[in-house]
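Protein chains: 2
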Amino acid sequence: MTAEPRLLANAIRALAMDAVQAANSGHPGMPMGMADAATILWTEYLKHDPADPNWPDRDRFVLSAGHGSMLIYALLHLTGYARPTIDDIRNFRKVGSPCAGHPENFMLDGVEVTTGPLGQGVAMAVGLAVAERHLNASFGDELVDHHIWVIAGDGCLMEGVNHEAAGLAGHLKLGRLNVIWDDNRITIDGATDLSTSEDIEARYAAYGWHVVRRDGHDVASIRTAYDEALADPRPSLIACRTIIGKGAPNKQGTSATHGAALGTEEVAAARVELGWDAPAFEIPAGIADAWRDAGKRAQGDHAAWQARLAKASDGAEFSRRMRGELPSGDAVADGLAALCAEPKKMATRKASEAVLNVLAADIPELVGGSADLTGSNNTKAKSQAPLTATDYAGRYIYYGIREFGMAAAMNGMALHGGVIPYGGTFLVFADYARPAIRLSALQGAHAIYVMTHDSIGLGEDGPTHQPIEHLQSLRAMPHLDVYRPCDLTETAECWQLALARKNRPALLALTRQDLPAQRTGGENLSARGAYRLRAAQAERKVILLATGSEVEIAVEIAARLEADGIGADVVSMPSTELFDEQDSGYREDILPDVSNRQILRVSIEAGTTFGWERYTGLHGLKFGIDRFGASGPAADLFEKFGLTADAITPQILAKLKEYEA
Amino acid sequence: MTAEPRLLANAIRALAMDAVQAANSGHPGMPMGMADAATILWTEYLKHDPADPNWPDRDRFVLSAGHGSMLIYALLHLTGYARPTIDDIRNFRKVGSPCAGHPENFMLDGVEVTTGPLGQGVAMAVGLAVAERHLNASFGDELVDHHIWVIAGDGCLMEGVNHEAAGLAGHLKLGRLNVIWDDNRITIDGATDLSTSEDIEARYAAYGWHVVRRDGHDVASIRTAYDEALADPRPSLIACRTIIGKGAPNKQGTSATHGAALGTEEVAAARVELGWDAPAFEIPAGIADAWRDAGKRAQGDHAAWQARLAKASDGAEFSRRMRGELPSGDAVADGLAALCAEPKKMATRKASEAVLNVLAADIPELVGGSADLTGSNNTKAKSQAPLTATDYAGRYIYYGIREFGMAAAMNGMALHGGVIPYGGTFLVFADYARPAIRLSALQGAHAIYVMTHDSIGLGEDGPTHQPIEHLQSLRAMPHLDVYRPCDLTETAECWQLALARKNRPALLALTRQDLPAQRTGGENLSARGAYRLRAAQAERKVILLATGSEVEIAVEIAARLEADGIGADVVSMPSTELFDEQDSGYREDILPDVSNRQILRVSIEAGTTFGWERYTGLHGLKFGIDRFGASGPAADLFEKFGLTADAITPQILAKLKEYEA
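Heads up: the sequence lines are chains P and R, in that order. Read in our numbering, the first sequence has 435 at position 435, and its numbers run on one by one without any break. Read in our numbering, the second sequence has 208 at position 208, and its numbers run on one by one without any break.
Careful, some of the hints might be misleading.
Given that identical chains are not distinguished, each listed pair holds provided it fits within a single copy or across any two copies.
[What the hints assert, rightly or not] DSSO-like cross-link-like pairs, simulated, lysine-lysine; straight-line CA separation at most 30 Å: (1) Lys94 x Lys640; (2) Lys94 x Lys345; (3) Lys94 x Lys655; (4) Lys622 x Lys541; (5) Lys382 x Lys173; (6) Lys350 x Lys94.
None of these hints come from the bench; they were simulated from the model. Model, not experiment: these values are computed from the prediction.
In isolation and in its complexed conformation, chain P is listed as follows:
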């Protein structure tokens, strides 16, 4: 490389200020402030190959401060990735450009994770670092030996999830994780001292991190910080004191550069300040070449790695896992068939544990865990040892009381590849993890949430612990599969679907309380989302739709109606999303046109009735709970809230009379 780092960094500054100016929208301050530290990282340290962005042993780079997206777009472009092109950058923040407002992993290779919601980039990086060490423990340094680099801002460090993520990283001694903190002392509202007085370095030290501090514009000093971080066995926080918007002579160091275009005058002034003569979106050849050369640094490493992979006895297994393909063979299917063959009365959380014992034995990439509810979530399979700082080969993580951090780490693990993470908490605490569940869905991360105690069936813990709105509010989220199985067989089916639908997250809602078996294996009927569990015997007058623990109630109601000569289908609906994906013929067969007033549709689910009109229509009946729960034994609560065959059957009969009238 011939150009000095200052000049290389100015290429980032120019692209950032020009792209934001062209869009008249965006955040120039962060890319300009972090240009020096990022240049050193990407031209001298980061192990990557722009010609093969998916090289499994590449370093992972996470721009946790995702609003500074022009930084990563500039870095990808300058180091020679196929995209973004300079035209992509010209179209920054326009519909169709991969240079979106925030970096989206599904729009550009080289964007490892989607960032923007603050704090989650660092937290996902913890998951990337867990996956790296875990795979290293399985496949050795020959195949897995890389680092996780993060650029984070004050916002990332102020968010609560940072505490969970940093605490977990310190505990697991994730030395491959290096977080570069853009310490510019500016937030949107103004100086950081408007809202915080924290000693961030002391806090990180309290978590067991290695902490160094540098002038973020002194490149020689930054190099020594990166060297120290690489050498230290602990995760590292590299505090870089920077000037936000550096290079914009009148606005740098102020919140004016944070989230708005600099304006044409200030952009022109910055060109003078930086000594940058090139027109907008043009990079002088010498500087462009130097960047391109830096992007080729690891080509030799990459080739050597490919050679090692080709020779490795476990190379095929490594590649299978990294592709996200499940093991071939019938072991899992056979094991689950055997498990479900006998009718067993059990809670679906226990059913899930039994299923996991089968799955974990044959799917080594399954890495489980729980946010301190292992015995309640039943998430630990017999074959799983704990993953700890002294044994990264373990396949079970004690995440601690960190639901959000767990979910974000799971996203990082899933997006690293090579592992399929699942993790548990109570369904009600899906709220704590919700911002990360949303990022699972947006990113298409194959993370599986095991959410137990899924209704008032949780009992005595009361309304703070009883989900009401959760099932529906999760079903409302795009691209997330929610499963609520009614027995052991459906639990096995839903787990199989969750594993098979690999480009999206899944969430299993499971009971605390025992449920009877409705089926004993057979075809995976849950794959249709909803299916006729019991067909009407007498002339069909009623269709009972139920999920999970309420299927048992629906079956009992149907029996009572049939005893009165009223035909009633029972439809079990473990997944509304999968049902909605079926063709209209199938859906019409299960739920004939609602305008046929001869058939009453009834939904039963121990949660909010909000949204059930989608299946009952406006003239059907919806049984559920549209208030907060209460503390008491589960059976007493089902009675209190009218979710029993005794309470529901007469209301159905009354409605049928109304229909006839």
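For chain P, the structure is supplied; the task is to place chain R on it using the hints.
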């Protein structure tokens, strides 16, 4: 008091282990471990009067580790509160007993806040402490001079929100806040070192807290810790090293005591260990009397305070605020009427700012803030100065990038009384605050969420920042009023409703982009939840239901339909909850029976269509966005997602043809 603290503490231990045993459900470990520290606090330090649990100048006690609920039930009972009675305690965790699994503020006086969802107790205590200092700044030591005491467990300190809350408390130097940490080194999964290696005391010191450490069973030493905490001007963390389940000879110190009954044998063994001869649910007279006497300690203080209140010139104003009553007079109504009289094209976030300028001038108890988006949320009224560590009289809080911490603090402020908190962030980040929003709703806390950038209208920031499922997932939550106004007038109306409906939280969803005026004041039509904004001119064939920014589109569609001779009502629906509360006559007038296929119902909202069947029926049309958003200018996105009159009108015409066929 004659009985020594050890004996008093054993009364707590006995009640806790006996009640949990009777319920065969609950958490004996924490109450037994913290009995000593709690006894000293409640018999020697806590300022309260069981005869008047709502005395405004009482100390606030928060059991953040809410699963140990028998601790507070024992304390309330022993110190002489009317409830819980010993029978209430016998019925611990039964339907109808106020001794619910977790302490619920709406079931028992003396339970200041509902706890159980971990971390939120400490975070709400921060809000209690803010309210205390703020009211002190306004009303002086004579009327407001109390402390906030918290008992927190490891889980409370491990949750992410703890970082946000402790950081904010340190920054604001909330010296009235004292957190007693039950350092028992046990979580549900086992020893804390399974999941954490953090130096908690160093972390708190990094936030600017005063930290002391004690043996949690050495009462003399605990006293000195409390004295130090009271004397220190910083918030205090009092680390109490305890033995979980202390007194249960075979199980103490292990996770076996955490969340399950000890068993009859171990309860009997504990009686021997503690030298506690009394039968279950009986307290020996000497000990009961000593507790009761301790409960009377502050009666003199209370009487003196009442005398001061009666004399104080601002006593009536103080009492008004504490009752949660708005100021009388027409100033607000007149100001808003004047504001709305002229049609103005503006974003509803700007409309909200204009409304706040009127409200804040006349409602001194309004305390605003934002999670670092002040200029975007438009939450700061002109008359509000910042609330800071050096000026607690300020009425605007720079919460920092702490959405969850902000919301939890708002709950604490609202439940303290005397202030009405509101706070802003982007609607998409309602997810970050969601666990606290749920507690606002459950507790009936009068907190107002100002959520801006409420759709793809946010534009270039892209899918991570664009709410899709949020409106519906918030409407699915019980007891939360969601408002989405369509112009300045509706914004003023919704703010008035949010203030008037005082025993519940409200959430306003506001646009980034400009919207035209649909009305200019008049009767508060938003109070009906939905109303006919434009009545069909030609014979009514269509009802267009829209909210917020999509009302403008509905009005344009109606104009086009009318031009074709098709009558179309436009119904603006700022609040589905309030509409659902209306009588059936009103609802039927706005939305005539859907089985009347002569009228097509159409919903338009720039979010998920999930749940809109409630109003459109299965044969109506729903326009919305059932996928994640995209990055681009707002107008381009409305076009991309088909939310324009051009895109929607032909689909309505086609559906009408289908109806006619």
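Here's how the hints hold up against the structure:
Taking the closest pair of Cα atoms, Lys94 and Lys640 come within 30 Å of each other only across two copies (12 Å); inside a single copy the shortest separation is 54 Å, beyond that limit. Taking CA atoms no more than 30 Å apart as the test, Lys94 paired with Lys345 passes between copies only; the shortest distance there is 25 Å, against 55 Å inside one copy. Taking the closest pair of Cα atoms, Lys94 and Lys655 never come within 30 Å of each other, the shortest separation being 53 Å inside a single copy and 33 Å across copies. Taking the shortest alpha-carbon separations for Lys622 and Lys541, both the intra-copy value of 16 Å and the inter-copy value of 29 Å come in at or below 30 Å.
Proximity of Lys382 to Lys173 under the C-alpha cut-off of 30 Å is restricted to the intra-copy arrangement: shortest distance 25 Å within a copy versus 49 Å between copies. Taking CA atoms no more than 30 Å apart as the test, Lys350 paired with Lys94 passes between copies only; the shortest distance there is 25 Å, against 49 Å inside one copy.
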